[in-house]
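Here is how the chains run, residue by residue.
6 protein chains.
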Amino acid sequence: MTDLVTFGETMLRLSPPEGVRLETAREFDVRVGGAESNVAVAAASLGLESAWLSKLPDSPLGRRIVHELRGYGVETDVAWDGREDARLGTYYLEPGGEPRGTDVVYDRADAAITTVSADELPTESLRDAEYVYTSGITPALSQQAAETSIQLLNAAREAGATTAFDLNYRSKLWDPASAREGFRALFPHVDVLVAARRDAAEVLGRDGDPVEVAHGLATDHGFETVVITRGDRGSLALHDGEIHEQPIYEAETLDPIGTGDSFVGGFLARRARGGSVPSALEWGAATASLKRTVAGDLAAVTPAEVERVVAEGDGGISR
Amino acid sequence: MTDLVTFGETMLRLSPPEGVRLETAREFDVRVGGAESNVAVAAASLGLESAWLSKLPDSPLGRRIVHELRGYGVETDVAWDGREDARLGTYYLEPGGEPRGTDVVYDRADAAITTVSADELPTESLRDAEYVYTSGITPALSQQAAETSIQLLNAAREAGATTAFDLNYRSKLWDPASAREGFRALFPHVDVLVAARRDAAEVLGRDGDPVEVAHGLATDHGFETVVITRGDRGSLALHDGEIHEQPIYEAETLDPIGTGDSFVGGFLARRARGGSVPSALEWGAATASLKRTVAGDLAAVTPAEVERVVAEGDGGISR
Amino acid sequence: MTDLVTFGETMLRLSPPEGVRLETAREFDVRVGGAESNVAVAAASLGLESAWLSKLPDSPLGRRIVHELRGYGVETDVAWDGREDARLGTYYLEPGGEPRGTDVVYDRADAAITTVSADELPTESLRDAEYVYTSGITPALSQQAAETSIQLLNAAREAGATTAFDLNYRSKLWDPASAREGFRALFPHVDVLVAARRDAAEVLGRDGDPVEVAHGLATDHGFETVVITRGDRGSLALHDGEIHEQPIYEAETLDPIGTGDSFVGGFLARRARGGSVPSALEWGAATASLKRTVAGDLAAVTPAEVERVVAEGDGGISR
Amino acid sequence: MTDLVTFGETMLRLSPPEGVRLETAREFDVRVGGAESNVAVAAASLGLESAWLSKLPDSPLGRRIVHELRGYGVETDVAWDGREDARLGTYYLEPGGEPRGTDVVYDRADAAITTVSADELPTESLRDAEYVYTSGITPALSQQAAETSIQLLNAAREAGATTAFDLNYRSKLWDPASAREGFRALFPHVDVLVAARRDAAEVLGRDGDPVEVAHGLATDHGFETVVITRGDRGSLALHDGEIHEQPIYEAETLDPIGTGDSFVGGFLARRARGGSVPSALEWGAATASLKRTVAGDLAAVTPAEVERVVAEGDGGISR
Amino acid sequence: MTDLVTFGETMLRLSPPEGVRLETAREFDVRVGGAESNVAVAAASLGLESAWLSKLPDSPLGRRIVHELRGYGVETDVAWDGREDARLGTYYLEPGGEPRGTDVVYDRADAAITTVSADELPTESLRDAEYVYTSGITPALSQQAAETSIQLLNAAREAGATTAFDLNYRSKLWDPASAREGFRALFPHVDVLVAARRDAAEVLGRDGDPVEVAHGLATDHGFETVVITRGDRGSLALHDGEIHEQPIYEAETLDPIGTGDSFVGGFLARRARGGSVPSALEWGAATASLKRTVAGDLAAVTPAEVERVVAEGDGGISR
Amino acid sequence: MTDLVTFGETMLRLSPPEGVRLETAREFDVRVGGAESNVAVAAASLGLESAWLSKLPDSPLGRRIVHELRGYGVETDVAWDGREDARLGTYYLEPGGEPRGTDVVYDRADAAITTVSADELPTESLRDAEYVYTSGITPALSQQAAETSIQLLNAAREAGATTAFDLNYRSKLWDPASAREGFRALFPHVDVLVAARRDAAEVLGRDGDPVEVAHGLATDHGFETVVITRGDRGSLALHDGEIHEQPIYEAETLDPIGTGDSFVGGFLARRARGGSVPSALEWGAATASLKRTVAGDLAAVTPAEVERVVAEGDGGISR
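Chains as they are written, first to last, in our numbering: chain A, 1 to 319; chain B, 1001 to 1319; chain C, 2001 to 2319; chain D, 3001 to 3319; chain E, 4001 to 4319; chain F, 5001 to 5319.
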């Protein structure tokens, strides 16, 4: 039994030391990041049997990804791309204080995963998965990846899994109109939708009261659960006709990258273990908050830490 | 003439880089920390002739401790434990922002110092010491260490020294009842008591108004001076029947570990040089504040810096 | 089906930068090492399904070990020791050129594994293992660990596995007489014996011609295979009455620690995949040689690299 | 055509890691800093053809300076001092939080530049420069440097350049009376004066309303433009009889060193490209703000970043 | 007057710390390398006015390349590729001792330079260049790059420059037959040919005595000068009908990458300053030898160092 | 009782990472070195009570020196120079393999010690010292330092100490003729002379057979002991009319700086403990050999290590 299976691209993340610009850097920290593997790592850290499906170049760089994820206990089910020039997506992250802000340079075109097909993936874990997750980044990568996403969600559901999907709109990958079309192709195969309020507005044209957005999405697409995230203002979920709100837990932020994925990982970890939606929102918020104190995309946290944050949760101040 | 002699355990302090968890760390910063040697270093940095008594394994690790403390000008009077498997206490410090918080993993069981006897220590410096200091951590280490503490304080006093003791209650080493008993065995040999308000409450059952706590302790145990520390709310001292209050000096905190010991070191440094109790409280607060801007347990500060903080002390804002 | 299961202690390995003494170090590289997990990592890197059984403190330090081994694809089957003061063995490795030489300071007394019992270990992988391996370090740790070693080897054999054992004599853990006694208690449960020539001489009193040593050991204890390692002079194996010799492959050595374990890992990897004993010796020698170019105990190598070294093996110069 | 030529001393900047005192440091970050080269780097980063004139020891240390400045696109026109013991000025920067504060230890006495003469400098770039800049540090270094400053400003003006001068009073180099005298000798050759309000008060005896200070300076010395900087309270300029005020743009400060020089670099970059004085103040403020997020003295920023800060400039909050 | 202009691709070079595999690395050293810019840096370090022509993405990564090369005094004449997904070639260099060997993973497909046209390059420096250099890597990148190479060499020659070309065959970019064709298209535009003996054999089918190879090439293609490099066995040149041989200067090799380019840089630096061919071979060999002691592709050396090596040249031992 | 007192300059030693040139370095290792303190550290590491006399700027940099030396157990008796611009000598060490070689850039002109007088030094340790040591670097620093050297050696001898002096000729500080004059002024106050063979030849004009050189020096200047060092060919001593020869112990050299001083430290350590001259030569050679495996100038070694090298001394191969 695998509790959670995720599918998506994972990249090498290269970043210069604090205060140093990419333009002059002589050292990079090497980390690993990708929405779907971030979710798998958060869930695995919280005790779930988690697997991650992807396609990687059969090279030291591809193995670098696997090495990292396995360290956190994630099962890596990979289609290895043996072409000489198979690429691993990379991204350069340059953190910067205001008014400079953090800069990201993507170098992910033509990554191995853009050619992924459902046939070549080792999908054994899908057969008995409880939750299957992907995000809106995957269908944005290529037509092939989009089709594979649909096939996998479909297969998962048929095998009895609950499917979850986070919009994760990336404007550098596609425009809102294309994204809307891509999302709509996937929605029929999705049970749990997670949507940043901003994405719902920009891509799906649903702005206004988040409660109404949640209701609208659930009604129009038949989602079992809709989770709306609103940054510092916390999250809310619509489930079984009820709305549940959850403020964030304040954090001293060292590295904000991966916060949203950690939220999803915490949420699904709790749901997969039978937790209620409100309890899962608490776990999501606590995991996200803890993640912000840790360097890198990955939620290196423990269940005990999440439980403590939830328990002491008066810290859940809504800014 | 030695101005200050301290006695206690000093450990290796290992900590991962900022934002990295122990669970995934590939590098540790190596530092040295222990309440009593922290006090000695603070005092030596402020110009005192300071010595530190302890027992260490006769190994590169034991010598690592001595190397560090000597660098700050502390005389290291060590009983070397030649057993093949003599241990040095270590502690793993993982700093973390809220809500994660800093985590400490101790690995100090059966350290060489748990077998220390007064006979084997090179105690020449005790003969002409002005102040002799230990803390409540030492008697918590072992029965043997507790007895040695009593013997040393007793011998010091007989030789004319003023003795000082900080409760420093550590719940990972003993429970409040055992600590209370251990402290009471030592109190008859103590002239200056330093007590965190929380320790006084938890171990000695003295909560309520700190002024009353100070009076109660002085009356019951005949201390010459009682200093109560209250974290951000500053400190107060009872001496010659008078109460003196001292707010903290605000600091941009880089590393809070060792703040309390630096307070004691600054306080004793001033007292040993003939300063009044209110002036010593100022020095304690200034040393503690400066320490917070420095990485590690040790107060690498100068007398001139302390004097400047005290002089500009309008900064002594009570948060 | 698990190809290889190993059982033993794994420690944190802390080492200062090149040319820096432990006595003055301010940074440690943090690595992970232990004979049996080293073997598992080498085998997993070469494509085997490998599992490692052990007992660890339920702490960030214990999890540090698991994180590392999982990264290399090793399944970690751990009994977690929940006692507050459960210890993880550590060792401090100070590399040094001649005439100083490399120094090792162990701090492994009372590690969690000294209390390990067969009952508490998650031994599911033993049921269908092809090879099961432990080394002479394990029974040296405690009487309890020695008994557990016997029980596990016995159970493995009954389940159909081939058992392998490397003498790995450590003079800091026991004397030759105790070791001999300990080894003899294990020998009836061992199919494949690996012995450094020096260990055979010092502990078992068998010196002289290594071919004779191999024959003597096989005859007296009924081993199916005996492998004798001779440092720079290569190795030899007695199997089915035949002697096979294997020179080393020359290496530019960056870090020699773990060479012997990598040899065993390479040897077993080949055997478990049906390779002949001479072929397995080649794989062992090639894996060991590659390991020497890599920092740390662990053989981060690929099957392709081992195959290339074997193929170009004219490099197999016997110095 | 060179847009901007600057003249002055550039030093090696050595600083320990965060939280480490100079007294105990084992590593220094090596950077390069000097008011006039900082200005040249900021201007070059913003697209100007910039050159820097100086004198350096003909040694690896002197070349270290050139290597750094050229990296940012600054043309380095250097008189090389071939004396065996020619010195490069160095400064040790120890950043520290409050109440400790940042400490600077200068070691710049007898640096090569103190012997600089106009004759030995490769001043070809002066012939067609639009702006020529130096600061009050240069005449403070030596009588010789002071005379050379005058000669260069004079020559630049005759060749048609606009000259700019920042008081940059350094109390460790000379006293206010000497500085006043030195400045007054230069003022007749200056078109654009930049003055920190504090310097104007302390050295020139002009305190009170900054608008009046600007008017007073312009009237008395015939400056074409006077810019008064006021730290957190922003800057103002008097030009063509009009006063223009500019608040700062808030920044998360990582390293404040070089902020003022970056302001000047941004200001001159805009002026040299034909920007109005108010627009140049905006560019100066934005460049200064961005610089504060970058480690080191040098404004590693892009024109696009400056434009964005100016455009989003509601951030221009006056604290 | 520009002494030397080179044209080609320059990449980011990322490498893990010594002894660490790419598969597990958490840090990369960031350096810059490319045959033609390596040559330009070597020549600039030896005092030549050197320029480098290329096409780069208009991004922090592209500017990283420029920053590095400018630091060494190379004029960077770049066509900036403003497409959102314009790529910079990168390569991952994992140094390893024998028998592992150094591994290189290229990620250079579709780099900006593959689209370079002669029109878009700022080729002003070509007009008065003395030497113009490119290598066989450039035409291998794309048909477009190949055509541009021909156009530039042609234009350079027409403007009076001497053109130089190093075969630099890269089997990962094209096969020998394609390379031969590519080289032949360029040969009519080349005056000075540099060929590794191995490349001459593998691509041009010319093996056997290197003297004969040189004569054959000169005769068939009308080169003014032919230089044959033979690794440890040194180099030889045919010029004006005479053969000149040059052994290598022994080096303690820290980083061999860029050795050949440094040879060419040293050779051309001497030729451009009027040195004879034998003297230029000495300079090439000395520069190459010094480079091997320096980390990175770039010959950070001085003319004085090269002169000293040549003068003490008894070190010119032919291994 | 102090076993050994040394007097001389100690500098900050700054060096770039391996393979990086000073010209491009962004990081320096910070270490401490000086012939006389190197000797004191070696002796203290070997168990002697050692003191070091010097003059330092009263600044964090001066305190940096003291911090380092105290760490090794050396008593630091310092005259603090309170002048604002008092300097600490620094030297930049750039290690480089052949043919580049190691480069040293000194920046020591006008260091505080050049103004040192005997009166201002805290010379209490001289009163009961057994050995007093300085080297030929000290009188080369300034006339004042030369006079102080004579006064100290004279005072030491009158107080009953044996005085030792190492020529340590530095051509960057003075020429041979001046050095000869300076040395001759000191010789009447010296009991034990240590001379590198090369220095004896270059400065004192004594070349030829080292045995004759030793006899000549002893005869002409009345030295009690003369030690001649000959690099790889070992050392010899003339004492009581007898010649004792000592080969070196081979070492894998990581950092050769400080080898000679470690030899002297080991030699004096043994002599001060009553060892014979041949035994002291063994200790000197062993200490020097061990030092070469350690980074930095300082002999961080233990008596046990020296004893082991001497005992296993077949390693004493004369190359």
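Check each hint, because a few of them may be wrong.
Stated by the list, open to error - Taking lysine-lysine and the DSBU-like style, the derived pairs with C-alpha atoms no more than 35 Å apart in a straight line are: (1) D:K3172 - F:K5172; (2) B:K1172 - C:K2172; (3) E:K4172 - A:K172.
Since the hints were derived computationally from the structure, they do not count as laboratory data.
To test your reading of the hints: which numbers does this structure violate? none
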